[in-house]
Every structure is written in structure tokens, then in C-alpha cells.
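Student: The residues making up each chain are set out below.
There are 2 protein chains.
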Amino acid sequence: MKTYLDCIPCFFKQALEAARIAGADDFSQKKIIDEIARAVVDFPLSSSPPEMGKVVYGVVKRETQNYDPYKEIKEKSNNLALSFLPELKQKIEKSGDRLLTALKLSILGNIIDYGVKSNVNVEKEMEKIIKLDFNLDNREEKDVFDYQIFKDALRQTESILYLADNAGEVVFDRLLIEEFSRLNKEIIYVVRDKPVINDALIEDAETCGIDKYAHIISSGVDTPGTILNLCSEKFLKIFQKSELIISKGQGNFEALSSEEAPIFFLFKVKCPIVAQHIGCKLGEMILKAQQIPAEQIGVGSL
Amino acid sequence: MKTYLDCIPCFFKQALEAARIAGADDFSQKKIIDEIARAVVDFPLSSSPPEMGKVVYGVVKRETQNYDPYKEIKEKSNNLALSFLPELKQKIEKSGDRLLTALKLSILGNIIDYGVKSNVNVEKEMEKIIKLDFNLDNREEKDVFDYQIFKDALRQTESILYLADNAGEVVFDRLLIEEFSRLNKEIIYVVRDKPVINDALIEDAETCGIDKYAHIISSGVDTPGTILNLCSEKFLKIFQKSELIISKGQGNFEALSSEEAPIFFLFKVKCPIVAQHIGCKLGEMILKAQQIPAEQIGVGSL
Chain A
0 MKTYLDCIPC FFKQALEAAR IAGADDFSQK KIIDEIARAV VDFPLSSSPP EMGKVVYGVV
60 KRETQNYDPY KEIKEKSNNL ALSFLPELKQ KIEKSGDRLL TALKLSILGN IIDYGVKSNV
120 NVEKEMEKII KLDFNLDNRE EKDVFDYQIF KDALRQTESI LYLADNAGEV VFDRLLIEEF
180 SRLNKEIIYV VRDKPVINDA LIEDAETCGI DKYAHIISSG VDTPGTILNL CSEKFLKIFQ
240 KSELIISKGQ GNFEALSSEE APIFFLFKVK CPIVAQHIGC KLGEMILKAQ QIPAEQIGVG
300 SL
Chain B
0 MKTYLDCIPC FFKQALEAAR IAGADDFSQK KIIDEIARAV VDFPLSSSPP EMGKVVYGVV
60 KRETQNYDPY KEIKEKSNNL ALSFLPELKQ KIEKSGDRLL TALKLSILGN IIDYGVKSNV
120 NVEKEMEKII KLDFNLDNRE EKDVFDYQIF KDALRQTESI LYLADNAGEV VFDRLLIEEF
180 SRLNKEIIYV VRDKPVINDA LIEDAETCGI DKYAHIISSG VDTPGTILNL CSEKFLKIFQ
240 KSELIISKGQ GNFEALSSEE APIFFLFKVK CPIVAQHIGC KLGEMILKAQ QIPAEQIGVG
300 SL
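Respectively, the protein sequence lines represent chains A and B.
Reading the first sequence from the start, the letters are residues 0 to 301 in numbering that gives the first Met the number 0.
Reading the second sequence from the start, the letters are residues 0 to 301 in numbering that gives the first Met the number 0.
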């Protein structure tokens with residue numbers, strides 16, 4: 000997804016929020032704003048928003064010398080989500096369609112995102128999720144919920160590349176990965192290489208027990224989205240060979256929505272610009288198959 | 000009021016909205032954004048937000064060569080508000096306290112502001128206002144509604160300097176000015192000198208019939224707030240001599256809240272930063288006496 004002009008005010012908002020979480024005083028905050036302002040002038044709008052995210056969070060890190068300001072937030076989110084794991088598992092046990100429920104839960108977990116909104120109340124969000132009756136929700140009939148296409152693609156592959164988004168959300172990914180594991184799929188779980196916002200790192204994946212069901216690797220980036228031309232060669236080789244890629248979160252959608260690959264995007268729409276880009280409502284739960292001609296990617300099921 | 004760091008993302012948002020209303024294409028919009036970005040670096044936060052507003056709307060005018068992009072919006076707002084004038088007058092006739100109701104209506108009219116939100120539905124807002132029962136609203140008991148102080152100040156003065164804000168809203172000002180006129184006060188009604196957003200000009204004041212009750216002058220500025228050091232000498236002389244000044248709108252509040260003068264600020268709080276600055280809720284109706292020591296301004300009633 001290209002960067003829209005309307006993303007620009009939001010870059011400044013995100014910079015301010017990150018600067019404050021990193022402990023910057025007013026003077027440093029203004030310095031950060033000024034650096035972003037200078038960068039905006041040279042930023043090509045053909046780039047995706049996470050590429051500007053790299054600049055924004057890079058400036059905050061450099062100016063505050065705080066290289067992991069969301070560390071505590073990430074730990075809390077992981078622990079809180081883990082404390083709800085038995086209840087979340089029960090929801091899958093009790094549901095009519097285990098895979099569908101696990102998919103929905105994985106998307107709902109995407110609410111634990113500090114990039115768009117710095118004041119997520121994870122506990123409250125968890126309680127809301129626990130109260131939902133997934134059997135009453137006919138999500139698969141909605142516009143951007145390609146469940147049937149996903150099931151067909153899943154049937155035809157042995158392995159899945161799973162691009163993670165946020166800490167805490169990893170617990171919800173685990174539920175879906177456990178379902179894939181029951182279906183004897185091999186899973187590679189991909190996290191960021193270095194801290195950026197509350198995005199998941201290898202330590203978060205391990206804390207949330209992903210290592211029991213998947214092989215964990217890093218994409219090589221510290222950007223709030225998997226920007227392919229910044230990824231490690233090791234990751235790119237795996238990416239290019241993958242038959243089914245799950246891309247979690249809005250940042251990964253923004254970074255990958257123009258890439259020709261067998262991707263399914265799973266995320267909550269948290270920004271009006273993305274909603275407009277997709278043609279859906281703000282807050283919508285998205286399961287979106289990458290729409291590119293099948294002959295180009297060699298996967299018949301898409 | 001100084002400019003808060005949180006105002007900066009909003010400057011970019013306002014620039015984009017104004018650029019679009021002025022008919023700028025994507026390329027011009029990016030040029031405008033870039034100019035604002037360069038200006039932000041040099042902008043001292045000790046200045047008030049309307050001073051940056053001067054830059055923002057100046058850049059939009061220069062780049063689009065559209066010197067009155069809100070002209071049509073202003074005309075529509077005036078005409079629509081005028082069409083409700085008989086009903087609004089009836090509300091005052093039927094009310095227990097004519098002055099209080101006229102004050103409240105004048106504040107409610109401040110919703111017709113395209114600076115903060117570009118998609119005001121004036122008709123819908125008018126209908127909401129018409130439906131309100133003013134006799135049921137004990138506004139004067141609220142925190143930032145200095146009605147008693149205002150009545151005392153009004154009693155002790157013969158003349159009022161009334162700083163207008165937006166077109167359309169002028170009709171609501173007229174209701175209050177008619178009440179002042181019934182109390183035999185002399186009124187000077189002050190508008191902007193040149194177009195900025197949908198702020199009222201002399202032609203708007205005349206269209207809305209202010210000239211029947213008040214002397215209309217311009218402040219000399221084309222900024223979205225009465226910034227004293229940019230005002231004409233003629234206006235400043237009148238301002239300095241005034242015993243009671245009514246300042247309508249958030250922009251005028253931002254520009255004048257640190258000035259030592261017998262001002263009453265009347266506005267709807269439309270921005271979370273202003274709400275935080277005052278210590279009130281977003282959307283609140285404000286009647287706020289300038290809080291400066293009486294001996295400094297020589298007006299006992301304050």
C-alpha cells in the first residue's frame with residue numbers, strides 16, 4: 000500500500016506517542032517532530048507507511064537512546080494474554096468450527112497494537128473477546144473474509160509461513176498455530192529482528208510458547224511491517240518458496256499488499272485510510288487473500 | 000494559549016483539508032504539506048496555534064491561488080442559519096432568561112466551524128439546536144460558565160466589543176447582539192480583514208443583518224484568531240479602551256487567552272488539547288471570564 004497524504008499527520012502523532020513512551024521531555028519531543036518534518040519533505044509517497052515508520056521509530060530511538068521503550072508493555076501484554084489462554088482454548092473446544100474460531104481469535108488478538116493507539120487496555124479487550132459467542136458470528140459471509148479460499152489453500156500445502164505482528168497477540172497466533180499443527184502443517188513463525196513499537200521479537204514468541212509448535216525466525220527488519228527489500232536474505236529465500244503465507248496486522252498488510260505472493264492478510268482495520276483502501280469499515284476483522292492472477296504465483300488454489 | 004506539541008499533527012490535517020476544499024490536486028497537496036513541514040521546524044511553540052494557522056492557510060492560498068476557498072460554504076451557512084432565525088428568536092421569546100438563552104445560542108452557533116472539522120452538517124446542527132429546551136439546561140451551574148460574573152460586567156458597561164468567529168455563526172451572534180441592544184448597549188462587531196477558513200468577513204456580518212444593531216469593523220487580520228500584534232492600529236485602539244470584550248470561538252480563545260483585557264470567551268470546545276488546557280470536557284459550552292487580577296485591567300467587575 001502506498002502512503003496516502005492523510006498518513007502524514009498520523010506519522011507525527013505516532014512519533015509523539017512513541018517519544019512519550021520512551022520518556023522524551025518536551026525539548027526532545029520537539030527535536031523528534033522537527034526531524035520527522037525534515038524527513039517528510041523527502042519521503043516518496045510511493046513507499047509504504049511502514050517505511051516512514053522506520054524513520055519515525057528510528058528517530059525516537061536515536062533521540063531518546065531508548066532502544067526498547069515498549070519492553071514493559073510487551074511483557075505485560077504477553078503475560079496477560081497467557082493468563083487467558085485456557086479460556087481461549089475452551090472457546091475453540093466448544094466451537095462448531097475449530098479453524099474458523101482460531102482464525103477469528105487470531106484476528107481479534109491484533110487489537111493489542113500500540114502503533115495506532117497508545118492506550119490499548121489489553122485486559123478490557125481480552126474480557127470482551129472472552130465474552131464473544133463465535134458460533135453466532137457468521138463472519139464468513141462478510142465481504143473481506145475469504146474463509147473458503149483460505150481452507151482450499153490450506154488443504155493444498157504442507158507448510159505455512161506465519162508473519163507475526165505484536166507481543167501479546169502472539170498468544171492468539173499460538174491458538175491458530177496449534178490448529179495448523181493438529182492438521183500436520185509445518186509452521187515457520189517470523190518476528191521482527193529488533194524492537195519496534197510493541198512488535199513481537201523472538202523472546203516474545205518463546206514466552207508465549209510458539210516454539211512448541213513452530214520454528215521461530217526473524218525477518219531481519221526492525222520496521223513496523225515486513226518490508227521485503229529490508230529483510231534478510233535467509234528470510235527472503237523462505238518467503239519466496241512459501242506456498243501459504245499468513246500476514247498478521249495492519250503494518251504487514253501495508254508493507255506486503257502489493258507483493259505477488261500467496262498471502263492471506265489477517266488483521267483488525269484500525270485506521271480510516273486502510274479501511275478506505277480496502278473498501279471496508281473501520282474496526283472490521285479482515286481475512287483477505289492476496290488478489291493476484293494465479294498463473295503469476297503458481298498456486299492454483301488462490 | 001501556547002502551541003502544544005499535539006497541535007502539530009493537527010496543523011497538517013488542517014492543511015490537507017483546506018487544500019482539498021481549495022481544489023488542490025495530490026501534487027499540490029504534497030507541496031503544501033512540505034511547506035508546512037519546513038515551517039514547523041522554525042515555529043516557536045510559545046506562539047499561539049492561530050499564528051501557525053496563519054502559515055497553514057497562507058501556504059494553501061499561495062499554492063492553490065484560491066484566496067477564498069470557503070466562499071460558497073460561508074454563503075450557504077449564512078443562508079441556512081438565517082432561515083432558522085424566526086425559530087431561534089422564538090426560543091428566546093419563550094425562555095425564562097432571555098440573556099442566558101441568547102448567550103447559549105451564540106455559543107451553540109460556534110459549531111459552524113470548518114477549521115477543526117471540514118464536514119460540519121450545518122442543517123443537522125441547526126435542527127439539533129432548535130430541538131433543545133434551554134429552560135431545562137442549568138448551564139450556569141457548570142464549571143466554566145461564568146454567567147453571574149458576565150451579568151455583573153454587562154451591568155457596568157455601556158459598550159461591548161464583540162469579536163466574531165465564523166460565517167453562519169454570525170446569525171447566532173445577532174441574537175445575542177439584539178439582546179444587548181435591548182439593554183441599550185453600543186456594540187462594535189469585529190470580523191477578519193481577509194478570508195481565512197470560514198471566518199466571518201464584513202459581507203457575512205452584513206448578510207446576517209448585524210449592521211442593524213452594531214457598528215461593523217475589521218480587526219485587520221486574516222488569521223483564524225485575533226492575534227493582537229497583527230491587528231490594525233485602529234482596531235487596537237478600540238480593543239485597549241474596551242470595558243467588555245466578547246471573544247467568540249476557539250481560535251480567538253487561543254489567540255487571546257494570555258492577554259490582559261476584560262474578555263469573556265464564548266465557544267464550544269472542539270479540540271482535546273484546548274479541553275485539557277481549560278480543564279473541561281470536549282464539546283463543552285464555555286463562557287469564561289478572563290482571569291487576570293482586577294487591578295491590572297482597571298475593571299472592578301471582573
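Since the hints were derived computationally from the structure, they do not count as laboratory data.
Watch out, some of these pointers could steer you wrong.
[Stated by the list, open to error] With a cut-off of at most 27 Å between alpha-carbon atoms, the simulated DSS-like pairs for lysine-lysine come out as follows:
hint	chain 1	residue 1	chain 2	residue 2
1	A	K53	A	K184
2	A	K1	B	K150
3	A	K30	B	K280
4	B	K130	A	K12
5	A	K1	B	K130
6	A	K53	B	K12
7	B	K233	A	K12
8	B	K193	B	K233
9	B	K269	A	K269
10	A	K267	B	K12
11	B	K93	B	K150
12	B	K12	A	K60
13	A	K30	B	K267
14	A	K29	B	K130
15	A	K269	B	K280
16	B	K30	B	K130
17	B	K60	B	K88
[What the hints assert, rightly or not] Beyond 12 Å from chain B on every Cβ pair, some chain A residues (computed):
hint	residue
18	N65
19	Y66
20	F83
21	R97
22	R154
23	Q155
24	N228
25	S257
26	Q275
Quick caveat, the model's predicted, so the values are computed rather than measured.
C-beta atoms are modelled at their ideal positions from N, C-alpha and C, and glycine is treated no differently.
Student: Given the proposed pairing of K267/A with K12/B, does the C-alpha separation stay at or below 27 Å?
Tutor: 24 Å, holds
Student: Is it the case that R97/A keeps its Cβ farther than 12 Å from each residue Cβ in chain B?
Tutor: 43 Å, holds
Student: Taken at face value, is the distance from the CA of K280/B to the CA of K30/A at most 27 Å?
Tutor: At roughly 30 Å apart (the allowed maximum being 27 Å), K280/B and K30/A break the hint.
Student: Hinted pair, alpha-carbon criterion (27 Å max): K12/B, K60/A. Please report holds or violated.
Tutor: 25 Å, holds
Student: Confirm or reject the statement that N228/A sits farther than 12 Å, beta carbon to beta carbon, from all of chain B.
Tutor: 23 Å, holds
Student: With d taken as the least Cβ-Cβ distance between N65/A and chain B, does d exceed 12 Å?
Tutor: 18 Å, holds
Student: For the pair supplied as a hint, K193/B and K233/B, is the alpha-carbon distance within the 27 Å limit?
Tutor: Measuring from Cα to Cα gives roughly 16 Å; hence the hint holds.
Student: Non-interface claim for F83/A: all C-beta distances to chain B beyond 12 Å?
Tutor: 32 Å, holds
Student: Does the claim that S257/A lies off the interface hold, with its Cβ farther than 12 Å from every Cβ of chain B?
Tutor: 18 Å, holds
Student: Does the structure keep K53/A and K12/B at a Cα separation of 27 Å or less?
Tutor: 22 Å, holds
Student: Please verify whether K269/B and K269/A have alpha carbons no more than 27 Å apart.
Tutor: 23 Å, holds
Student: Straight-line Cα separation of K30/B and K130/B no greater than 27 Å?
Tutor: Not satisfied, since the Cα-Cα distance of roughly 44 Å exceeds 27 Å.
Checked against the numbered hints given earlier, the structure breaks hints 1, 2, 3, 4, 5, 7, 13, 14, 16, 17 and satisfies all the rest.
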